[in-house]
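Take these sequences, add in the hints, and give me the full structure.
There are 2 protein chains.
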Amino acid sequence: MSFFDLVAGKPLATSEERAEHIGPIAGIPVFGLDALSSAAYGPEAALTLLIPLGVAGITHIVSISFAIIALLAIVFFSYCQTIDAYPNGGGSYTVASENLGETAGLLAAAALMIDYILNAAVGISAGVGALVSAFPALLPHTLALCLTILLILTLINMRGTKDTGVAFLLPTYLFIGTLLVVILIGAIRAIAASGHPVPIIAPPHLPVATSMLSLWLLAKVFASGCTAMTGVEAVSNGVAAFREPTQRNAKRTLTIIIVLLMVFLGGIALLCRAYGIGATDPTGTGYQSILSQLISAVMGRGWFYYLAIGAILSVLALSANTSYADFPRLTRTIAEHDYLPHVFKIRGRRLLYSHGIVALVGFTSVLLIIFGGVTDRLIPLFAIGAFLAFTLSQAGMVMHWKKLGGKGAVRHMIVNGIGAVATGITLLVVLVAKFRDGAWIITILIPALIFLMIGIKRHYTRVDSEIDIDRPIRIDTLTQPLVVVPLDRWTRITEKGLRFAMKLSSQVEAVHVDAEQCRAKVEQMWQRNVATPIAQAGQAVPRLVFLSSPYRFVLMPLVEHILQLERDQPDRQIAVLVPELVVKHWWQTPLHNQRAQLLKLLLLLRGNQRIMVINIPWYL
Amino acid sequence: MSFFDLVAGKPLATSEERAEHIGPIAGIPVFGLDALSSAAYGPEAALTLLIPLGVAGITHIVSISFAIIALLAIVFFSYCQTIDAYPNGGGSYTVASENLGETAGLLAAAALMIDYILNAAVGISAGVGALVSAFPALLPHTLALCLTILLILTLINMRGTKDTGVAFLLPTYLFIGTLLVVILIGAIRAIAASGHPVPIIAPPHLPVATSMLSLWLLAKVFASGCTAMTGVEAVSNGVAAFREPTQRNAKRTLTIIIVLLMVFLGGIALLCRAYGIGATDPTGTGYQSILSQLISAVMGRGWFYYLAIGAILSVLALSANTSYADFPRLTRTIAEHDYLPHVFKIRGRRLLYSHGIVALVGFTSVLLIIFGGVTDRLIPLFAIGAFLAFTLSQAGMVMHWKKLGGKGAVRHMIVNGIGAVATGITLLVVLVAKFRDGAWIITILIPALIFLMIGIKRHYTRVDSEIDIDRPIRIDTLTQPLVVVPLDRWTRITEKGLRFAMKLSSQVEAVHVDAEQCRAKVEQMWQRNVATPIAQAGQAVPRLVFLSSPYRFVLMPLVEHILQLERDQPDRQIAVLVPELVVKHWWQTPLHNQRAQLLKLLLLLRGNQRIMVINIPWYL
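Those protein sequences? They're chains R and F, same order as listed. Numbering of the first sequence is given in this note's numbering, commencing with residue 1 and proceeding in unit increments. Numbering of the second sequence is given in this note's numbering, commencing with residue 1001 and proceeding in unit increments.
Rather than coming from a laboratory, the hints here were simulated on the basis of the structure. Virtual Cβ for every residue (Gly too), placed ideally from N, Cα, C. It cannot be assumed that every hint is accurate.
What the hints assert, rightly or not - Now the stretches of chain R that chain F is said to cover, found in silico as 3 or more residues with beta-carbon under 8 Å:
1. 458 to 471
2. 529 to 536
Claimed, not checked - No farther apart than 25 Å at their CA atoms in a straight line, the calculated lysine-lysine pairs in the DSS-like style are these:
3. R/K521 x F/K1345
4. F/K1600 x R/K600
5. R/K600 x R/K503
6. F/K1600 x R/K503
7. F/K1584 x R/K457
8. R/K600 x F/K1345
9. F/K1600 x R/K345
10. R/K345 x F/K1521
11. F/K1345 x R/K584
12. F/K1584 x R/K600
13. F/K1503 x R/K503
14. F/K1457 x R/K584
15. F/K1503 x R/K600
16. F/K1010 x F/K1162
17. F/K1584 x R/K345
18. R/K457 x R/K345
19. R/K584 x F/K1600
Following this line, the structure appears as structure tokens:
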């Protein structure tokens, strides 16, 4: 087994595909990390905006959280229906393009692509950010840490869906388990103390209120909290990754993820109110995250605290994994509709669409490098992509049921319709609330991406119409080509080339570019070694042509001559023989001129349909 | 006229060569800058070592300078003889290898190559160093300034020998003129004051003596002063660049350069003693160069002072130009003996050996970048290369005259013999005196270079013996090759490929790699579009072969199959047709798979003498 196989895994046969399929246990780490880890930053983002309200703020968080949970429930029901309707993976792109037309589909595609790339960058940098705030000595290495995690995620994901699920099982379930324990114990304590439990470690005092609640503030808080909903569409996009019964497994996975997320959001909100926990100023010195305060208050600062915080950190960093799972599937689907390069359709050695992973890693590392690994400011951006995709997908489902008709169609339409309206309104709120924070970038990027995709589609359509042919092969006029052989001195390479030319065609032309002014010598060599013996054998003697080259250029006169030949013989193909020396070791390359390579390149660039290049290698 | 032509000059025809030849006027800037600029640092280097002797030191500088001048005279006479004997350019390499054997020649070649590269780096950084000490604000930009000068020199030199001479006329003759004026006026004043002239601006007081003269110190001073002799071999190496009468013009140029250098060295030494000028500590704050002190003492600090200092700075920086003139000629000569890659033999558009210039610029910029533009420490190194070359060249000339015999041979042998012994002793002195300062690097580099050159020669010899052929073309067994055509779906590209294959040979095999498990579809397409119509026309139907690919690889099974075919048919050539889509714009490249490129590469790497690649381009 080679080292490469050891790292990347042995290649998987196409027939092994079923064994790569996963169930809900592995499905949660693969598709759920993005959604679940949102519990760590969604409530935090909302509460941070409530700081100016003081104690009053934390009373509002409960109602806002439950509004988000209700939205989550609507989205959940409609995605379940999507999974039922699209057993091969019904991402927003598929649903929107099939039911609302190509433009809506492209809108969803662009939104989702941006969303996944941002999610990968933000997930990794959030994890590293938390790690760095725990160990400030690591601060100068932020970018290096981000790129290292990106590399590790890539290596794991390149091994395939199944191995990824296994690799991330432990941190995922540790995160779920510890958070559930905190919420459960916290809830019991709160009930036992009739809603006023005493925290083991008291959270920082809430600041004095400096402003009043306004509708605008409420909208902004809701929009920030909604970042907790990103990643919910992942399962419906990746249905094909689940094992039989595919749809049931996918729905079961989605249910578990959504229920857990609801418990987390609701539990965190209620406990924050019960324990009087509010956000601390993230730019101040006394900053402490909501979850850190909550765990301290409920469980104290023992080993459990550090276990739970460790699990949160790793799940944040690994939440990028959802992008690895879905981005390649998304780009494959788009590429199948000719809107992205066809390489995204190729399945790699481990049955993955590896080019999608490469593209994701490329864009993510560019983002990380540009922002130096600090991508917090990108958080508002990716909720927009997610909600745009939600809305289009739900609206698409409404049309889907309408077209399908039949029993229960109206009920389905109502469920998806509510989802569409709710997520659509949320999208507007988020867009308005976050416009100046960077959401405007998305409103430029999405149209740009759409234009790019339309351009790609147009190119493919044109190519197809150009090379398309609906008749059988023509077998008339199979005349031999004219073969051109560049000639320098008389070597075995020259002999091989001339012989091969004579095998292919009875019309051969040898061309000597006279850059060194030694025409007589070449003529004599030709007469002795080629013309005389061939004439004696009674065969057609190849023509010898001299090209003058006052400026000592070798290739340009040759290429011009070949183009001229092609013009002179309009119904004939020209085959240019290029003898090439192949060295044994790469470091011998500079010892030989690269004219053969250059000639091939020039003929490709300047040639046309009737000029072919025949490469005659000579191995040393 | 294109922008490129404007910068690099129009291409020159081979027949225009004579017009590019130069006379003594342009020869001095082209070949003499290295030697003449030495006057600016040779005496300085010697006097710096004499600082500990105080006033006594500057009395010794005269005798040491005259010893160097005597050595210069010996070298001059022997190089004149070399020019007579080698009208096509008698660099140390040619003389040593023709008369002392290949090993001596390689020793000279390695020494000279290192010498020229060091000279370019040191010249430029010395010029920039002087500039920076005049304008300390430029200090942070040292490296950028060095690379800019390198670029300018390259651009000028790329225009050819003649244009270079014209471009450097002004600074060169300004330098010569101002220095001559200073020496003349200084001498007149000194004579008028009976050897004790009053300086217009008094030089800094000489320090109190702290040590006594020792033989070891004297040797070191002499070795340092000898750096003034580097660059003297340049003319004899570049004889071919001069116009008719070639040898007379070359000798006239050499004479002017040597006489000027002698006047400079003698004049500076005598005036230093007369005006009491000694070196100042180069690391101290009161540092002032010898020439600066001398010009101030003789002429004061008026406009003339700044004109002269400016000329010195520019000549220092331009002294790198000697390397540009000689390095490419040297590498060409070595490449003609197969000891360096043959590209060095190609003459570029301006009749120059441009690859040599590229190599020189490459190595020089690497040196400049490694040392951050401060290459002062390299100065001792390059005297060694120069003196090694002197010695080998003189010794070679002794053998040359011995072989030639005849009238005057003995006289010639004596002249060159004295030269060889004198420069040989100097080489030993320099080597011992500078060994710990870095000369040891040269003793490693030279053997390494020699080994490299021997390896290159061995490679060329082996290649020649492999491809050499002393019989005419064989014209028996001209059997058609077996043509292999990869097949995917039925397009115009497929048809074109199949048609071309059928034109070339009656034995054609179409190969489909079944990576997507659609064998039946391909079989049906084949039957309808190819097999049936060809059979109906009564022609030989190509074979269709399916290759299974459980791991979805496309290229590997194809290459394996071709290699197997080649093994199965030991007396046949295999031609592999590679249809390739050529896009109109480079940015369309990622939209199409690069399998054609990869297949060509794989076949080249893994193929053998009997596998040819035929490229069928399809232009969109």
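Hints, one by one, checked against the model:
1. 458 to 471: Since three or more residues must qualify, the claim that chain F covers the segment 458 to 471 of chain R holds, with 9 doing so at under 8 Å.
2. 529 to 536: holds (count 5)
3. R/K521 x F/K1345: holds (20 Å)
4. F/K1600 x R/K600: holds (12 Å)
5. R/K600 x R/K503: Judged against 25 Å, a Cα distance of about 21 Å means the pair holds.
6. F/K1600 x R/K503: holds (22 Å)
7. F/K1584 x R/K457: holds (16 Å)
8. R/K600 x F/K1345: holds (23 Å)
9. F/K1600 x R/K345: With a Cα-Cα distance of about 23 Å, the restraint between F/K1600 and R/K345 holds, given a limit of 25 Å.
10. R/K345 x F/K1521: This hinted pair holds, its Cα atoms lying about 20 Å apart.
11. F/K1345 x R/K584: Given pair F/K1345, R/K584 holds - Cα atoms ~23 Å apart, limit 25 Å.
12. F/K1584 x R/K600: holds (17 Å)
13. F/K1503 x R/K503: holds (11 Å)
14. F/K1457 x R/K584: Holds, at about 16 Å.
15. F/K1503 x R/K600: holds (22 Å)
16. F/K1010 x F/K1162: holds (14 Å)
17. F/K1584 x R/K345: Holds - the C-alpha atoms of R/K345 and F/K1584 are around 23 Å apart, at most 25 Å.
18. R/K457 x R/K345: Measuring from Cα to Cα gives roughly 15 Å; hence the hint holds.
19. R/K584 x F/K1600: holds (17 Å)
No hint from the list above goes unmet by this structure.
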